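Sequences listed follow chains U and Y, in order. Going by the working numbering, the residue at position 154 of the first sequence is 154; the numbering climbs one at a time, nothing skipped. If you count the second sequence from 1, you need to add 1000 to reach the working numbering.
Calculated from the structure, these hints are not laboratory results. The structure displayed is predicted, hence computed values, not measured ones. Every residue gets a Cβ at the ideal spot worked out from N, C-alpha and C, and that includes glycine. One should not assume that every hint holds.
To be verified - Which residues of chain U face chain Y? A partial, calculated answer using Cβ under 8 Å:
{"hint": "1", "residue": "Leu18"}
{"hint": "2", "residue": "Pro22"}
{"hint": "3", "residue": "Leu31"}
{"hint": "4", "residue": "Gly80"}
{"hint": "5", "residue": "Glu81"}
{"hint": "6", "residue": "Gly88"}
{"hint": "7", "residue": "Ser90"}
There are 2 protein chains.
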Amino acid sequence: MTSAELTAQAQALTDAILADIPLNRAMQLRLHHYDGERLSFALPLAPNINDKGCAFGGALVSALTVAGWGLVVLALRQRGEQCEVFVGESTIRYRRPVWDDFRAEATLAEGADWAAFFTDLDTHGKARIDVQCQVPGDDGEPLASLAARFVAKRHSH
Amino acid sequence: MTSAELTAQAQALTDAILADIPLNRAMQLRLHHYDGERLSFALPLAPNINDKGCAFGGALVSALTVAGWGLVVLALRQRGEQCEVFVGESTIRYRRPVWDDFRAEATLAEGADWAAFFTDLDTHGKARIDVQCQVPGDDGEPLASLAARFVAKRHSH
């Protein structure tokens, strides 16, 4: 797929997320970037703020989770797979407070591999994949990082 | 404190959460129960739903995180401590889909101890405590469970 096609596909998914998941609408999540390997959403601070004036931890973990979910859904769509994708477990580290608008980015985790994932899906109709998500900081160090495992299941027809 | 005083204190905190954290307002979080050892919020499914018609993982983890945070804040207030409380890290397991209105409950984690926490706070002006949170299922098994570590820091005056 071309870069424009990847962006259009990610924008269609973002539109569906906003239509179907009221909480992401409340968070004012927008597509920032997608290149087939990294999916990045942008979020304003105001609807995601906490009592201390920085981003609410629940908003950070929600945004990171949906970025990871989106990365897996888009990879499946590119291969014509009709699957349900859900998050199985995740661990988040809140490293530093987030005082401004922020991004939630997802890539494959180190050691994770789309080829193995799609082989499992072909064999079992179900597969797991580990995704690494982060809120990047201005200095290159993440403000928050999330390791999440997603499960894809083929629709039974 | 009497049971009524504990409830009033938890209701005041819930009111503040709803006033200060727009995302919790969007989630329509309400106080369900507080007895000094367990804090429980109730949430309707509708504002927290996902594309599959069950609760969005990001809503579950947000609700569980704020329940854990509230448990720590209330314990500090009962001892007259003026602290900032923030979540440091957490791990969530999404065990089964949540198809209905749900609760997010927090208690101390096994092995965690308020006495040790308050001793650390006295000594260092800062302390950590582990909290266990869950979305209870009808059969007593959790639908989702979150282990979270919170940090309290005394306000510097």
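Checklist entry - Okay, which hints does this one fail, numbers in order? => result 1, 3, 4 and 5
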